[in-house]
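Colleague: Throw the hints in and build the complete structure from the sequences for me.
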Amino acid sequence: MAWPIGMALLLALIFAGVPIAFAMTAVGLIGVVSIVGWHPALAMLGQVFFDSGRSYTLSVVPLFLLMGNLVVQSGVAGDLYAAANAWLRHRKGGLAMATIVACGGFSSVCGSSLATTATMARISLPAMRKYGYSDRLAASSIAAGGTLGILIPPSVILVIYGILTQQNIGKLFLAGLLPGLIGVIGYMIAVRLSLVVYSEHLETQPKLPLIDRIRALRGVVWALALFVFVLGGIYMGVFTATEAAGMGAGGAFLLTFMRGRLTLRATLSTLFDTAKTTAVMFFILFGALYFLNYVNFSGLTGDLRNWINAFGVGPYPVIFMIVLIYLVLGCLLESISMITLTVPILFPIVTGLGFDPIWFGIFVVIATELSFITPPIGMNVFVMRTVAPDIPLERIFAGILPFVALDVVRLALLIALPAMALLIPNSM
Amino acid sequence: MAASSERIAMRARRWLRLATAVLCGAFLVALTLVTVVDVIGRYLLSSPLPGAAEYTEILLMAIVFVGLPAVCLDDGHVSVDLLTAGLKGVAERIQLNLARLVVAVVLGLVSWQLWNHGAQLDSYNEVTVYLRAPLGPFAKATAVIAGVCAVVTFVMAVLRLPKSDGGGV
Amino acid sequence: QETVLRMSNWLPPSHPIVRDMMIPWAEKLKEASAGRIEVQILDAPLGPPPAHFDLAANGAVDLTFGVHGYTPGRFTLTEIAEMPFLADTSESLSVAFWRVFESDLAQAEEHRGTKVLGVFGHGPGLLFTKGKPVSPLSDLSGAKIRVAGNITNKLAEAMDMVSIQAPSPQSYEILSGGIADGIFFPVESVPFFKLETLVDKALRVPGGLYNVSFFFVMNKAKFDSLSDEDKAAIEEVSGEAFSRMAGQAWDAADAAGMDVIGSTVDFHDATEEELATLREKTQPMFDDLAKAYEAKGLDFEVVMGKLKDEIKAVAAE
Ligand code: NA
Ligand code: NA
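Residue numbers (this note's numbering), protein chains in the order written: chain A, 1 to 428; chain B, 1001 to 1169; chain C, 2001 to 2317.
It should be emphasised that the hints constitute simulated quantities derived from the structure, not laboratory data. Be aware that one or more of the hints could be misleading.
Restraint-style ranges between C-beta atoms, simulated for each label pair [claimed, not checked]:
| id | chain 1 | residue 1 | chain 2 | residue 2 | range |
| --- | --- | --- | --- | --- | --- |
| 1 | A | HIS201 | B | ILE1008 | 40 to 48 Å |
| 2 | B | ALA1009 | A | ARG122 | 50 to 58 Å |
| 3 | A | VAL408 | C | SER2014 | 33 to 41 Å |
| 4 | C | VAL2302 | A | ASN426 | 39 to 47 Å |
| 5 | C | SER2263 | A | LEU217 | 50 to 58 Å |
| 6 | A | VAL408 | C | GLU2038 | 40 to 48 Å |
| 7 | B | LEU1131 | C | SER2263 | 38 to 46 Å |
| 8 | A | LEU224 | C | SER2263 | 41 to 49 Å |
| 9 | B | LEU1082 | A | LEU324 | 13 to 21 Å |
| 10 | C | ALA2158 | A | ARG122 | 54 to 62 Å |
| 11 | A | LEU324 | C | ALA2106 | 50 to 58 Å |
Stretch-level coverage of chain C by chain A, calculated; a stretch enters the list once three of its residues show a Cβ under 8 Å from a Cβ in chain A [said to hold, decoys possible]:
| id | stretch |
| --- | --- |
| 12 | 2114 to 2123 |
| 13 | 2241 to 2255 |
In silico SDA-like cross-links for lysine to any residue, where the CA-CA straight-line distance does not exceed 25 Å [stated by the list, open to error]:
| id | chain 1 | residue 1 | chain 2 | residue 2 |
| --- | --- | --- | --- | --- |
| 14 | C | LYS2222 | C | SER2014 |
| 15 | C | LYS2154 | B | SER1047 |
| 16 | A | LYS92 | A | THR204 |
| 17 | C | LYS2296 | B | ALA1119 |
| 18 | B | LYS1163 | A | ALA118 |
| 19 | C | LYS2030 | A | GLY302 |
In this text, a Cβ means the ideal position worked out from N, Cα and C, and glycines have one as well.
Modeller: Here it is, written out as structure tokens:
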């Protein structure tokens, strides 16, 4: 089966609402059967679903998810928003800016964008609605802020990128730090921008006395301690990035216990949610890996490379093309399948053009994030909608444009100044 | 008749969910402890936990596969609903159950091949490096779970069970 | 051309196995078959490294290579080429290993489902450390050492060291942070994994402290389906010819590695006394392997004797 047919079939199944993981496995299987025959194709199914999952490095996926979920259980996620609010509420659009800051803070202890979006939607949407923020601004600031989850370390996606490309995961984490911070600032600018663009008139809250603002920071200290423990441990080489996940989850257990929230019922529920999300993510990973084998057999990579050579384009047009590819794929896939399907194909091409492999990891994550908040569809917007089903898609997308604009600026900055990603890891 | 079988299915669904929650929870706590004990042991006692990486690998796969039935029961797989969200009534049910059938067939094939893979590993006496734990039986266990999930998803499609709220334990 | 053989490769294109073994082999095969057989190396691997033997055995790909130790328990006989004190060059070890494999080991059918095109080992293995003295041996007791598999794990145990398990790409991370004090590697791997600025001492023994045994295989059914001429072409460039080429490539890679680290790493050659201690402490490893040989109906002493004789013969060429 030629790869354009395979791609079309995959698209059809995904749009028909077949779960992404199983659509990829099914089309991959048909494709591989058509190329190497039944027996090897089926045997490879057993191998992919067993051998790929039994990976020591992938153990960070459930552990970083668990860490984030425990931070929610401990109440620290709510405290983060309260603290950001205390410092920003008297400014124009303060609650939306606080959402962005809290998203950034929560991202520093949670490895997934979807979890960041879902958590912050539950916490900050009611507050913003209460103070008369439009759904357009409220929902879009949450969806955009949530994308920071996979850029600011820890990040499940950067781990998978590191495994696929054999790059140092610790370095990838540190590389995400500065672009993540710039993302927070950019999105805060986007909030102000959207107030102007949509001429929203929001009443600002009275400024809190300094003592109250300082008191509000108590919750932040917990999250900061956990973040410094995990990142510091990696930076100082006390433990590996893989071990950092286990240590971080252990720390989150301790934190939840010290805040008196480690009850049996809540903990069981947290563990259960983590396990379910893990199973979902791994089956997506397995499906993507199997589909990738079909892509590999079908010669797509070679065709792509030949096109690039035939056009004789320079490095920057290729990078621009890659952004477009991500914007299209981001309408169909979520982050794990996107990274797993594209990185093995693009990585050799991009590094061959002289780009830094760590830098490309950050670039890919930002491009992936961007695709999740651009119309016509994107994962973060979906998650936003599961929490607030009454907000129509069009309204979220209308609100998101200023955020997309700032994302594009950030991406351009990253291309112009690779040091933005490489400065911190190179000091390791 | 249809109503009572649906009720039994719903009750089974609740019990299965609780059982997986307890099992997965234990595995996740163990997974955390393995790293913590390994790292602390390395620094304080100069003796890391022997075979820590292998416990980690095995626990990871256990969490993935034991968590799977709960995902299937909740129709919790990630899918794109841009075109299907507008479907109502019969059309919505047909779409849901056809999607379930695809999942059931794929899981059935995966289960069958995991079993074959396990048999192949058994025939080579394949073990892990340090713990010398045999891998064949382990692969067969994942095959059984995938098989159960295939059957469960198939039954849900045939009984046309409604989507569960995906709630907690 | 008439036949295309697909190969799954899990290493970067710059690795000696790909650059100096697989690609030259494919070129030689094309020549030997008068252009009838073409080898296509897939753009990406079809699975993680340990999955590769099965990928070829099940026919997902026609050709692949891998490390016997990645699938523990399956290949026990080939561990003989990984034992301490065997050979000073990869060429002598690899050619001798192939000869013994063909005469004695192949009959146990550990590689069933495939046609074995070559077996080989890398250059003599050493112990590299970062700031940790390697002599006297007692100073190494309790040192945390990254191990490469079953044999190095047993070796670490025999030398009273603590083994750290981590994938080889994580070598830099665990050494730079002090999680491990040292690592078992051949000379070539130190610059390959960019460890030249980290390690500063090395323990070297005649014949190497350990080795790693590799296979190069083809799907059996695919091989059987070929014409007699094509089979002959494959056999002409494989077997001993391939194992020799692989050995020479490893030796060249070791020499290139030595150019990088020769002046920065302090190599300590074990004294007679230290060698005696090591021999005594590693004896249980030999006893264990002898039992595994017995279980598969082979006499370990006889095969080991043959292997050593062949190594001497090749080294004397
Ligand atoms: Na994060
Ligand atoms: Na999009």
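Colleague: Give a verdict on every hint.
Modeller: Quick rundown of the hints versus the structure:
Taken as a hint, the range 40 to 48 Å is violated for the pair HIS201 of chain A and ILE1008 of chain B, whose Cβ atoms sit roughly 57 Å apart. With their beta carbons about 30 Å apart, ALA1009 of chain B and ARG122 of chain A fall outside the hinted range of 50 to 58 Å. At roughly 35 Å, the beta-carbon separation of VAL408 of chain A and SER2014 of chain C lies within the given 33 to 41 Å, and the hint holds. With their beta carbons about 56 Å apart, VAL2302 of chain C and ASN426 of chain A fall outside the hinted range of 39 to 47 Å.
As the Cβ distance of SER2263 of chain C to LEU217 of chain A is approximately 54 Å, the hint placing it in 50 to 58 Å holds. Checked against the hint of 40 to 48 Å, the pair VAL408 of chain A and GLU2038 of chain C passes, with Cβ atoms roughly 45 Å apart. Taken as a hint, the range 38 to 46 Å holds for the pair LEU1131 of chain B and SER2263 of chain C, whose Cβ atoms sit roughly 41 Å apart. About 46 Å separates the C-beta atoms of LEU224 of chain A and SER2263 of chain C, a value consistent with the hinted range of 41 to 49 Å.
The supplied range of 13 to 21 Å is met by LEU1082 of chain B and LEU324 of chain A, whose beta-carbon atoms lie about 20 Å from each other. For ALA2158 of chain C and ARG122 of chain A, the Cβ-Cβ distance of about 56 Å falls inside the hinted range of 54 to 62 Å, so the restraint holds. LEU324 of chain A and ALA2106 of chain C have their C-beta atoms about 53 Å apart, which keeps the hinted 50 to 58 Å range intact. Taking a C-beta to C-beta cut-off of 8 Å, the stretch 2114 to 2123 of chain C contributes 0 residues in contact with chain A, too few for the three needed, and the coverage statement is violated.
Requiring three or more residues with a Cβ within less than 8 Å of a Cβ of chain A, the coverage given for the stretch 2241 to 2255 of chain C is violated, as only 0 such residues are present. A threshold of 25 Å between alpha carbons decides the hint, and for LYS2222 of chain C with SER2014 of chain C the separation of about 28 Å lies outside it, so the pair is violated. With a C-alpha separation of about 16 Å, the suggested pairing of LYS2154 of chain C with SER1047 of chain B holds against the 25 Å cut-off. Simply put, LYS92 of chain A and THR204 of chain A have alpha-carbon atoms about 6 Å apart, close enough for the 25 Å limit, and the pair holds.
Between LYS2296 of chain C and ALA1119 of chain B, the direct Cα distance comes to roughly 20 Å. Compliance with the 25 Å bound is thereby established for this hinted pair. Proximity of LYS1163 of chain B to ALA118 of chain A is assessed by CA-CA distance (about 20 Å); at most 25 Å being required, the pair is judged to hold. Between LYS2030 of chain C and GLY302 of chain A, the direct Cα distance comes to roughly 21 Å. Compliance with the 25 Å bound is thereby established for this hinted pair.
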